[in-house]
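A.B. asks: In the order they appear, the protein sequences are chains Z and X. So the first sequence is numbered by our numbering: it starts at 129 and just counts up by one. So the second sequence is numbered by our numbering: it starts at 129 and just counts up by one.
Calculated from the structure, these hints are not laboratory results. One thing to keep in mind: the hints can contain errors.
The list treats identical chains as one, so a pair stands whether inside a single copy or across any two.
Listed below are the simulated DSS-like cross-link pairs for lysine-lysine, each with C-alpha atoms no more than 25 Å apart in a straight line [stated by the list, open to error]: (1) K217 x K285; (2) K379 x K400; (3) K425 x K292; (4) K456 x K292; (5) K292 x K422; (6) K458 x K162; (7) K162 x K217; (8) K285 x K456; (9) K292 x K458.
Chain by chain, the residues run as shown.
There are 2 protein chains.
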Amino acid sequence: MNTTFLQACKGEPVQHTPIWIMRQAGRYLPEYHKVRSKGTFLELCKTPELAAEVSIQPVDILGVDAAILFSDILVPLEAMGLPLEFHEKHGPLFPEPVRDRAAVDRLIIPDPETDLKFVMDTIRILRRELADKVPLIGFSGAPFTLATYVIEGGSSKSYFQTKKMMYAAPELYRALLDKITECTILYLKAQAAAGAQALQIFDSWAGVLEPCDFAEFALPYVKRIVAALQGCGVPIIYFANNGATLLDLAKTSGADVLGIDWRIPLRDAVAKVGQGVSLQGNLDPCALLLPPDKLEKRVAGILAEGRAARGHIFNLGHGILPETPPEKAKLLVELVHRLSQK
Amino acid sequence: MNTTFLQACKGEPVQHTPIWIMRQAGRYLPEYHKVRSKGTFLELCKTPELAAEVSIQPVDILGVDAAILFSDILVPLEAMGLPLEFHEKHGPLFPEPVRDRAAVDRLIIPDPETDLKFVMDTIRILRRELADKVPLIGFSGAPFTLATYVIEGGSSKSYFQTKKMMYAAPELYRALLDKITECTILYLKAQAAAGAQALQIFDSWAGVLEPCDFAEFALPYVKRIVAALQGCGVPIIYFANNGATLLDLAKTSGADVLGIDWRIPLRDAVAKVGQGVSLQGNLDPCALLLPPDKLEKRVAGILAEGRAARGHIFNLGHGILPETPPEKAKLLVELVHRLSQK
Chain Z
129 MNTTFLQACK GEPVQHTPIW IMRQAGRYLP EYHKVRSKGT FLELCKTPEL AAEVSIQPVD
189 ILGVDAAILF SDILVPLEAM GLPLEFHEKH GPLFPEPVRD RAAVDRLIIP DPETDLKFVM
249 DTIRILRREL ADKVPLIGFS GAPFTLATYV IEGGSSKSYF QTKKMMYAAP ELYRALLDKI
309 TECTILYLKA QAAAGAQALQ IFDSWAGVLE PCDFAEFALP YVKRIVAALQ GCGVPIIYFA
369 NNGATLLDLA KTSGADVLGI DWRIPLRDAV AKVGQGVSLQ GNLDPCALLL PPDKLEKRVA
429 GILAEGRAAR GHIFNLGHGI LPETPPEKAK LLVELVHRLS QK
Chain X
129 MNTTFLQACK GEPVQHTPIW IMRQAGRYLP EYHKVRSKGT FLELCKTPEL AAEVSIQPVD
189 ILGVDAAILF SDILVPLEAM GLPLEFHEKH GPLFPEPVRD RAAVDRLIIP DPETDLKFVM
249 DTIRILRREL ADKVPLIGFS GAPFTLATYV IEGGSSKSYF QTKKMMYAAP ELYRALLDKI
309 TECTILYLKA QAAAGAQALQ IFDSWAGVLE PCDFAEFALP YVKRIVAALQ GCGVPIIYFA
369 NNGATLLDLA KTSGADVLGI DWRIPLRDAV AKVGQGVSLQ GNLDPCALLL PPDKLEKRVA
429 GILAEGRAAR GHIFNLGHGI LPETPPEKAK LLVELVHRLS QK
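Build the full structure now, drawing on both the sequences and the hints.
C.D. replies: Below you can see the structure in the form of structure tokens.
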């Protein structure tokens with residue numbers, strides 16, 4: 129097996145810098161669209177054979193060093209009892225937002241092997257079909273980010289309702305976060321038991337919090353999850369998106385790897401986090417539009433800065449954009465492998 | 129006149145920390161809605177008597193230490209020849225985005241005193257009606273931020289088209305930015321000549337750029353504007369939103385004041401920029417939802433950190449949200465004045 133990804137997570141020496149790409153299974157690939165055309169997005173998530181097929185596509189097409197489960201961070205929230213809709217143009221929608229105690233009390237803690245069996249089945253198929261080519265990453269949303277969706281009722285620009293609950297009804301907020309955290313711990317443990325060889329926690333909207341609020345209302349729940357997963361023996365990646373000013377705090381999460389977005393140079397991230405964790409990132413997804421020579425220069429720069437980290441996994445600083453030409457993603461993987469070859 | 133705002137811009141001692149609030153004239157005020165109901169948003173911007181009326185409202189209602197012209201950063205782009213529409217739900221729209229050389233060549237450099245006369249007339253009315261109570265701030269968008277709107281055709285999540293032009297057609301990008309910069313210089317000079325006593329440059333989307341791209345594709349145009357305005361004798365405020373990792377660069381803009389969003393603690397911002405500039409910010413707009421005692425604590429914290437800066441103007445870290453209760457905005461102004469009283 130190509131173990132470069134797992135070695136870099138632990139800060140062990142590697143033959144080349146491993147790379148995978150957030151949202152590597154997805155809308156920029158014609159092969160994905162072919163599978164996706166068979167049904168809705170949620171149907172694809174819930175059909176293990178198809179979800180596994182699109183998870184493997186980027187391994188075969190791009191040559192990345194890790195596969196990641198094809199799913200969505202909102203799937204377990206639906207299993208908690210919240211109706212979930214995906215609209216092509218307006219993104220996810222929870223038509224029954226959670227804004228009072230009764231709504232929090234109604235949330236159930238799903239049993240992953242029954243209520244989210246399709247995810248575990250996808251993982252089992254993937255481990256079999258990947259045949260130890262590359263490791264498989266499982267994932268969940270971080271409790272704060274998940275909470276924003278259920279409190280706002282979908283995506284948001286200002287996160288007004290979420291912060292209103294945090295600020296004006298902190299006990300209600302904590303009761304909701306406790307339940308989401310409990311669900312997430314069971315969900316990620318089940319993923320590891322089903323065969324996931326690493327777990328990433330996506331805190332996509334952490335960057336809307338100032339550091340003192342992040343420390344009080346988001347990080348403690350991540351720490352609780354990481355601590356609960358210690359027995360699973362798989363590396364944990366924590367990605368607080370747009371989190372340049374949160375890194376001092378994020379490094380205390382207990383995660384083995386911190387995801388870094390493109391707003392902070394990797395050298396500055398290394399200076400902030402020290403040698404206690406590995407780093408994952410951080411090319412601007414739009415930089416894939418650079419002419420090849422300029423892309424190579426930028427990739428070489430990130431690799432050079434990454435060498436100062438305990439371990440470095442190359443990735444984009446956010447999900448790959450649907451408009452990206454697949455050949456540019458392929459070129460990126462080739463560049464990272466060639467330029468980092470020992 | 130209450131000159132605390134102008135003194136703080138220059139780093140001179142003040143009797144109390146001055147405060148104004150981004151978007152202080154606007155949708156959270158019932159008095160604004162009453163005026164706004166008479167026509168469309170753009171009609172309000174273009175009717176000097178009404179634009180002046182809503183600009184003055186927060187001075188009378190909240191007691192802020194500065195007034196700011198009621199307008200929109202996109203108004204001069206319309207004067208450059210680009211049809212502009214505002215939709216209540218989807219925000220601004222440029223139905224004819226600028227993506228090729230011919231479109232850039234078609235842009236005209238408006239004469240502010242004829243093509244944007246309504247802005248200059250608003251400023252003249254305001255100076256008369258403010259009767260030297262508080263200073264008047266004029267403003268424009270920063271060239272990068274303005275360019276995103278005309279390249280994307282409106283708002284954006286990924287700024288894909290903008291970065292595509294930056295990366296794949298840098299000469300076209302620079303030609304567009306040169307024209308927007310030229311227009312902005314004339315526009316801001318005219319505002320100062322009409323009576324604006326300070327000028328703020330809003331770089332609302334600078335935070336989507338990594339530092340090296342900000343240095344190459346955004347900051348040089350801001351520097352050009354600031355340099356061109358030196359003769360006007362009014363302080364310049366530069367606000368690069370979500371710009372924690374851009375502060376090292378932003379402090380070289382030549383501006384007298386840097387706006388700071390809430391993601392970076394003010395003490396860290398002071399440490400980064402030193403004593404060469406004053407700072408403006410940086411309460412999270414959502415923090416106005418805190419109970420009064422907790423709001424007071426947070427305001428006191430920001431004031432304490434601001435004392436280390438050359439000068440400090442209290443503000444929110446972004447525009448006040450339409451959902452904000454006006455009495456909370458009023459309380460904020462009272463708190464800042466009371467807690468900072470010498």
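A.B. asks: With reference to the structure, classify each hint as holding or not holding.
C.D. replies: To see whether the hints hold, each was checked on the structure:
no. : hint        : in the structure
1   : K217 x K285 : both (16 Å within a copy, 12 Å between copies)
2   : K379 x K400 : both (9 Å within a copy, 21 Å between copies)
3   : K425 x K292 : between (45 Å within a copy, 17 Å between copies)
4   : K456 x K292 : between (42 Å within a copy, 13 Å between copies)
5   : K292 x K422 : between (44 Å within a copy, 13 Å between copies)
6   : K458 x K162 : within (19 Å within a copy, 56 Å between copies)
7   : K162 x K217 : within (19 Å within a copy, 33 Å between copies)
8   : K285 x K456 : between (30 Å within a copy, 21 Å between copies)
9   : K292 x K458 : between (44 Å within a copy, 18 Å between copies)
Hint compliance for this structure: every hint is met.
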